[in-house]
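Residues per chain, in single letters:
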Amino acid sequence: MKFVDEYRDPEAVRSLVTALRAATTRPWTIMEICGGQTHAIVKYGLDALIPGEITLVHGPGCPVCVTPVELIDRAVAIASQPDVLFTSFGDMLRVPGSSTDLLSVKARGGDVRIVYSPLDGLKLAIQQPSRQVVFFAVGFETTAPANAMAVVQAHRQGVKNFSVLNAHVRVPPAIRAILSSPANRVQGFLAAGHVCTVMGFEEYLPLAEEFHTPMVITGFEPVDILQGLTLTVRQLEAGHAEVENQYARMVRREGNPAARAVIEEVFEIADRAWRGIGLIPDSGYRIRDRYRAFDAEERFAVGHIEARESPLCIAGSVLQGLRKPHECTAFGRECTPEFPLGAPMVSSEGACAAYYRYKKSAHS
Amino acid sequence: MCLAVPGKVLEIHHAETPLMGNVDFAGVQKQICLEWVPEVKVGDYVIVHVGFALNTIDEQEAEETLRMLKQMGAFDDEVR
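These protein sequence lines are chains V and C, in that order. The opening position of the first sequence corresponds to residue 1 in our numbering, with each subsequent residue numbered one higher. The opening position of the second sequence corresponds to residue 1 in our numbering, with each subsequent residue numbered one higher.
Each statement offered as a hint is correct.
Heads up, incomplete: computed chain C residues facing chain V, CB under 7 Å, no partners named:
1) Leu3
2) Ala4
3) Tyr45
4) His49
DSS-like cross-link-like pairs, simulated, lysine-lysine; straight-line CA separation at most 27 Å:
5) Lys70/C x Lys2/V
6) Lys30/C x Lys41/C
7) Lys41/C x Lys2/V
Chain C stretches covered by chain V per the calculated footprint, using a threshold of three residues with CB under 8 Å from any CB of chain V:
8) 34 to 42
9) 54 to 68
The set of hints was computed from the structure by calculation and includes no laboratory data. The C-beta atom is built at its ideal place from N, Cα and C for all residues, glycine as well.
I would like the entire structure built from these sequences, with the hints used as guidance.
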């Protein structure tokens, strides 16, 4: 496939590893913010190829992982109602709530369906006007315009039985929170390529300057990641702190203005709690008042939820890059992708799932 | 969740709102929303996430990245 194969070329990988070794003279700690990149790094064994001086820290860029447990419980409560058809991306179904998950609701007869796109949820609402169709709108800025578009289309087409349970998060405030933490050891960032495809990278310029930290917008294939790391290390070695764009084939400085406009139409910036991390100011989106009718939290009165986390799970430390998945006592024992204790073991972007799938033999 | 894959635009359905089109992903075809890439032409590549084209792929920039990559390799040959 064009635009994929050339970025998995073993020759290119080898020459980039050599370039990275040549560029590295001192120890550096670099965070890849996006869980998609974490999976590529572990899947292709890139962490074993790079110089020992470089420590890769896996970031919190996994929306499934950071969706608060209260919201999973709310989703479970809404999906359990008899007239509800609950739609979601597949990753969310196994995420453990306080006592159960969406897959168990489905197993008990609830109508919970996996959809590819939020527009599929809207289509179901149009086809089944007598039922309440809810879409679980999780995601970073990459997914926000798609979910916003479903709301706009529902509004335009007068679809009264469609609503979204919103759990949107934003990357730049999370980077600010990480860099502001006294425990921070991250010196450079691989910024998330697809978030920046939508948003562009102007938001990152003041962050790089204020915290004197290089940020390289990076793609998802092995060649992209190694090139992103090489550019980051070259900046670190030279004492620079600039925003560079490795993923220029997708990312323009201003992002995609049409996609940004639909986010702006439906959402406004709000504080949001991240599972395992806590409240981060301005780190999410909430639905604007003019679209409140499509907010599932308004439509379904679920009441107070007393959320509980597994006492064994260290997902918070993993998401903040303080500990690696295999340092958890439950990893691969009490906690597996089939029976997860925490969300990072579920998601196709969760660090624990990546380590379980690709590294289990190395640590067992 | 932020997984997005490149695909080639085969058809554009200009009459539809939002703008839709038929996109090929290495042999699998899907109906994709093209509303945010209004300038797209048949034969262009787009990057697709949850049924939406997020951008067209800039072939010149893609070539530039690969050229830069070769330069990095060439640089290594000199230092070895």
